[in-house]
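The lines below spell out each chain.
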Amino acid sequence: MLLELKKVTVSFGGLTAVNNLDLQVDEGMIFAIIGPNGAGKTTILNCISRFYTPCSGQISFKGENLLTKKTHKVLASGISRSFQNVELFSKMTVLDNLLVGLHPSLKSSLLSNAFKTKKNKQEEEAAKEIAFEILELFDLKHHANEEVRNLPFGIQKMIDIGRAIISKPKLLLLDEPVAGMNIEETKKNAELITRLRDEFGITILMIEHDMSLVMNISDRIAVMDFGKKIAEGTVTEVQNNPKVIEAYLGEVQEDVGT
Amino acid sequence: MAGQIIIGGLAAGSLYALAALGLILIFKTSDIVNFAQGEMAMLITFISFTFLTVTKLPYFVSFLLSLVIAFIFGMAVERIFMRPVQKAPILNQIILTFGLYMVFRGVAGIIWGYTPVGFPEALPNKHFNYVGITITINQIFIFVVTTILMLGFYLFFKHTKIGLAMRASSQNIATAKLMGIGVSSVFTRTWGISAILGGIAGILIAPVTFLDPNMMGEVGIKAFAAAILGGFTSLPGAIVGGLLIGVFEGLIAGYVSSELKSVFVFALIILVLYVKPTGILGEKITKKV
Amino acid sequence: ACGGTNSSTTSTKNAKEKSSVKNSQGVTDDEILIGGWVPQSGPAAQWGILAEVYQSYFNKVNADGGVNGRKLKYIAIDDEYQPSKTVAAAKKLVEQEKVFAILGTTGTAHNKAVKPYLTQKGIPVVAVASGDSAFVKPAVKNYFALQTNYDIEARIFSTYANKELKAKSVGIFYQNDDYGIVYRDAAVEELNKLGIKVAAQESYNPTDVDFSAQALSMKKASPDVVFLFASPKPAASFLKEFDKIGGSAERMLTYTSADSTMIDLAGADVMEGVLSTTWVKSLKDKDNPLIKEYVDQISKDIPKQDPNSVFMRSAWAYAQVLVEGLKRSGDNLTWENFIKQMETLKDWDGSLAYNVTYTSDYRYGQTSVKISQFKGGELVDISDVIKYEP
Amino acid sequence: MKIKRLQILFISILLLGYPLLVGFSSYFIYVAGLFIIYAIMAMSLNLLTGFGGQISIGHAAFLAIGAYTTAILTLKLGLPFWLNLPLSGVITAIVGFLIGLPAVRLSGHFLAIATLAFGLAIPEIMLKWEGLTGGFAGLFIEKPSLFSSDTSFYYFTTVIALIITWLILNLLKGNFGRAFVAIRESEIAAEAMGVNVSLYKTLMFSISAFFTGIAGSLYAYFVGFISPHDFNMNISLIVLAMIVLGGLASITGSILGAFILTIIPQVADRFPGFTITITGAALILTILFLPNGLISLFNYKWKRKKTENKQLSLEG
Amino acid sequence: MLELKQISAFYGNIQALDRISIQIPEGSIVTLLGANGAGKSSTLKVISQLLPIKSGTMVYKNEDISNLEPNEIVKRRIIHCPENRQVFPKLTVEENLIIGSYLRRDKDQIKKDLSDIFSYFPILKERLKQYASTLSGGEQQMLAIGRALMGNPKVLLLDEPSLGLAPIIVNQIFEIIQEINRKGTSILLVEQNANLALRIADYGYILENGRIGLEGRAEFLRNNDEISKYYLGGKSHAANLY
Ligand SMILES: Nc1ncnc2c1ncn2[C@@H]1O[C@H](COP(=O)(O)OP(=O)(O)OP(=O)(O)O)[C@@H](O)[C@H]1O
Ligand SMILES: Nc1ncnc2c1ncn2[C@@H]1O[C@H](COP(=O)(O)OP(=O)(O)OP(=O)(O)O)[C@@H](O)[C@H]1O
Ligand SMILES: [Mg+2]
Ligand SMILES: [Mg+2]
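Chain order of the listed sequences is A, B, C, D and E. Just so you know, we're using our numbering here: the first sequence kicks off at 1 and counts up by one. Just so you know, we're using our numbering here: the second sequence kicks off at 1 and counts up by one. Just so you know, we're using our numbering here: the third sequence kicks off at 1 and counts up by one. Just so you know, we're using our numbering here: the fourth sequence kicks off at 1 and counts up by one. Just so you know, we're using our numbering here: the fifth sequence kicks off at 1 and counts up by one.
In short, the hints are calculated from the structure, not lab data. Predicted model only: the values in this text are computed from it and were never measured. Mixed in with the good hints, there may be bad ones.
[As the list claims (entries may be wrong)] Reference listing, derived: stretches of chain C covered by chain D, where coverage requires no fewer than 3 residues with Cβ under 8 Å from a Cβ of chain D:
#, stretch
1, 72-80
2, 84-91
3, 104-110
4, 166-178
[Said to hold, decoys possible] List time: in silico DSS-like cross-link candidates among lysine-lysine, alpha-carbon distance up to 30 Å:
#, chain 1, residue 1, chain 2, residue 2
5, A, K128, D, K173
6, C, K300, B, K56
7, A, K91, B, K87
Here a beta-carbon is modelled for each residue, glycine too, at the ideal position from N, C-alpha and C.
Could you put together the complete structure from these sequences and hints?
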């Protein structure tokens, strides 16, 4: 088991956003968390990436206690994330955005950076190469030197994901990776996410409201409501769970797409 | 002695708070720290002084007249200088106000010279003695004016739609426009009003600091400090911050070292901010990811 | 109102070869160039008025035909009261503008900053507008001070407090900078010598606005006499505050604040009875043609300002001493000769300065003051000239 | 990148040839020296504020610490200048680090006031600490014997400035610079990408202070005299104005800004009483007509950005 | 009644819209579709005057409104609910909603509208005093929609209203859109979820690179092969929706 949450509770003032939640994500999975708005999904992600500290409960990753880690140490331990509402470095170029994703693995010292030593140059070159591999994978090479703020939202989302995986994490946390994308783009992203798992061996924990993505690529789905897990299982199990239909999916419209 | 020091500190503190109000008003609506606030106050005080001495108008008439001019002046500054750079980075706008500060000070120097002159007090100069503590009517008057203004604006921001609109404009100009808020005229009027506040501050402070182009230098810095200590967006915070600085400064000057009182004040501010990074009454608003 | 536009100091038009000596820089057949810096912006911009008075005095001299046929031209540079800019100003005046002499420059630290440079150049520096001893002790060849030295004034204060006021204890209120500290040190030394107790030493920073704590401490110490080594604004604020809380003592102000500004700032009630010194003459003697000349010229050139201002009277005196030196130098306008001629001034009286003396190792200029007092909204002299030999 | 290199190359050639151009006039060399020293300071501040997004309005205090360190080490300990120069940088950097510690928790205007407080306190402390600093009377420092003339010290200053420029450009291009800018753009994302935001903020303060300290040391030697008057709040604000005027987050811009704001008072000082008015007016006009700084005049790429920027800020 | 004629608009020197013409008849729902960066949001910004019109005219109820200030547009009750929520982070939920009714003076009706919005989105009522910045993504989206409704729109411009909402809420949103439309509000809807959009719309425009590529009645577009392939994910798509 790669990631394990035990009895995690998070509250803000009087509001309990996550309530006694248990969650287990196995290696190599695409694991989805779904649930109504405000159910506490993003909060969970924020706990794993250590932006929040739960009031109680434990979170362990590869058997290691995550809660003792500082936020900036999380990436080095193999967990990376994207953001619900893209959180890019908007006045930096696409390439630089990706390179920041490699930050913990660049070891040159301040001095060798300042004096541009050979070692530093080599390291930078190597880093750029990796970045270009990612750009290739995402088909974004032609945007490499553009500032991200000038790019369409869809592309920004891709860069957000690209920045998250450049460090080759074990676990990737995706918060609504296809929100705001059209069907074509969603399909492309679905393929990409599957490839990340298959080719790079990245375990994926994602939150998404787009059921065409969730139901297509997830191995396992947890459903949350009011901070609690109300169901967990495979796609079919979840899809047919009346509680899930009532709280989240709603009645399937008969005339959709006809 | 401590009692008198505290009274003196409170008096100085209410000057700082008074000078801070206009600063906060502009900050609340446009996120700009107006470095020229004190100099605008100084110019208006000079204008009021001209009414008093050249045209020999009565005190309160020249007071009111200069506030009318202040309103126009503030609006003009916004229209001419701030409006064109509304979309530039905030820091650039702030540096622009620094440019205004230099020009206003320089122009005042050219027109009125740098020799300090006395300025009349608002009320007849009487003072009370009570258990060995002296306090003047004018000190009480300044404190009362400051408190009333603060409360007035506090309620205005909290409970009126225009107040709400001003806060919204500072957070997101484009979306504020989508609400139907005439953002431009909100900004213009804000500058007008804060120039009025500046004028009131200047006219009430001038009897203490005397009138010359540098009159607001020290007060301006302390006002900025008071505003920040209080939380910068909080009007009651300005009073709390101002009074705290005034009293603390007095105590340090009285019991520790008068030369290092500013050093101690700033150490206090850093300490307070270290414990509460958004100031005493400032609210921490987290960004959610 | 001041500052020429451009100076072509190398103008050689119809050089008449008046004398065999080659004049120093800044002198042509019909012009002598004088320069100096004064802050006209920044915290000490109040001093900027000096430059206007120099210009005004030169206007008068020029109207009367100049100095031995040469008109005076004055260049003022604003150094914004920043020593690094003062250095630039000094270099500019000496090397670019090529002025003949430097007149009435402000700021103790600022003058100190350029003293090595100016000394090395050897250019005459007349009437440094600071009473710091650094410019007179020891005497420097090209430096001529004029106004009464701070150190000396503080000692005169102390003696006066001792003799005339019979003070047993003295409190000192001083500005925490090069100006106030010089006074304080001298006063404390002198008072100790005289066996007078220094009851309190209250300081403030030049930009302070609230003096209630200092006033209170002073009142608590209840000295017989309070010395105020302060510039006008803080002095006025302090006196107001001291008065308000019921402080009572004889109060003595330095000459820097000794004018009607104090009455305007602090009010006649508060100022009533306050003592002060003056090193320049008062304008009381209206019939004196020299005084009249001053008042007329200033009223014409600087109508907005009260000619009574101690700054302005001082500036007139500074410029006048320089011109006296130039006059005495005749057509031999070399630095060497100018310095020599300045050293011929013995108890010389100008319109406003008096008893000015320079020798090769005595550069104090004037070391005498009169004691004056604020009475009924006016400042009146109450003593004869008190001279103090350093 | 290429344009930037050309700009810097051009500037360096100009600087090195300058004394010849002005016929070794000590006044012109002095003013140019001041400009170069302020340029170093502006670049360091830009590193912190323009690139790193951490506003400082007390930077003159770092200049003061650098200058006083040099003066005190020279006068009290008699250390040679080749030791003083780096030591001034190091000691200022240590102070920068200490200032950075509380500053880490603050942002925006709260950080501004903390740095302002520092900027106001340092000159007052220097005043009070008379035994060491000479108080208001100030301290005299002689130029090192190796570069005792104005011209030779000017060259020395220029070379140091060029080296510093090179170092800062390298830093900005590498991993550290990216992390600094990332912090400016989004602390949250930077943290998520493994940037130790607190550490890097203090680091930024230290680096900026280090170079400013070096500038201070050069200042002490160059001016020859230091006193607390030279390091007031106004200097801090002027240097901040330099980087805004030149262009935030632009090294060439910092140099331009330093140039303009050093020269203007020198030209304006002939109109006594008008100096600050002229300086202020120049500042206002530049920002009004070039909201992104002088650099936008020189950089075509910027022109496009400007308009986009406009739109962007529309969206808050 | 709202008509855009040959509108072009630029961001600096980047052209975002190239002579587009759009009509929103009274009481209709019109949808605007297109790929990322096609210019959909720009069209809405042009209508609300956030993006200045370079050339072309815009007419509303026989009045030329091409050169009005944004607040004048709002005065005519043309309300724009912008892309990506854009809630005021440092205002509370309640204040965000109230500011939506900034220009209105009909106090009683405002109260009623407020309670309507609470009945649409009960969660907002629970979060009333919370700062908008701390809401979850979906809650912010609801708030943005609610805020737009508080303007009592005659014409409502919705930019991707379903973004980040749970499926059940998405359905609900579309019902709300239809409901307010029935009450007389015309709607211009930008959506990525073209399926849903075309289901409720009367008419649709497809934008491509700042130009109108195709337009037509909603049924027509739904049945157009090209469109359904690209924007609707193919006929078979609905089957594997969930
Ligand atoms: N800092 C905070 N202060 C107060 N309440 C908060 C804070 N952060 C989150 N909440 C509340 O906690 C709840 C859970 O939020 P969270 O962002 O985890 O929801 P979510 O499941 O991701 O929803 P969505 O699908 O809409 O993004 C929400 O109701 C939100 O309002
Ligand atoms: N602020 C801006 N500055 C510069 N260019 C912009 C800006 N906003 C949008 N653009 C450009 O204008 C074009 C149209 O953008 P617009 O936002 O209207 O597209 P959209 O159809 O709404 O796309 P999306 O589906 O991503 O929301 C795009 O090429 C985009 O890059
Ligand atoms: Mg979420
Ligand atoms: Mg869009």
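Checked hints:
1. 72-80: Satisfied; 6 residues make the cut.
2. 84-91: holds (count 6)
3. 104-110: Satisfied; 4 residues make the cut.
4. 166-178: holds (count 3)
5. A/K128 to D/K173: Cα-Cα ~12 Å, so holds.
6. C/K300 to B/K56: With a Cα-Cα distance of about 25 Å, the restraint between C/K300 and B/K56 holds, given a limit of 30 Å.
7. A/K91 to B/K87: The hint holds at about 16 Å.
Checked against the numbered hints given earlier, this structure breaks none of them.
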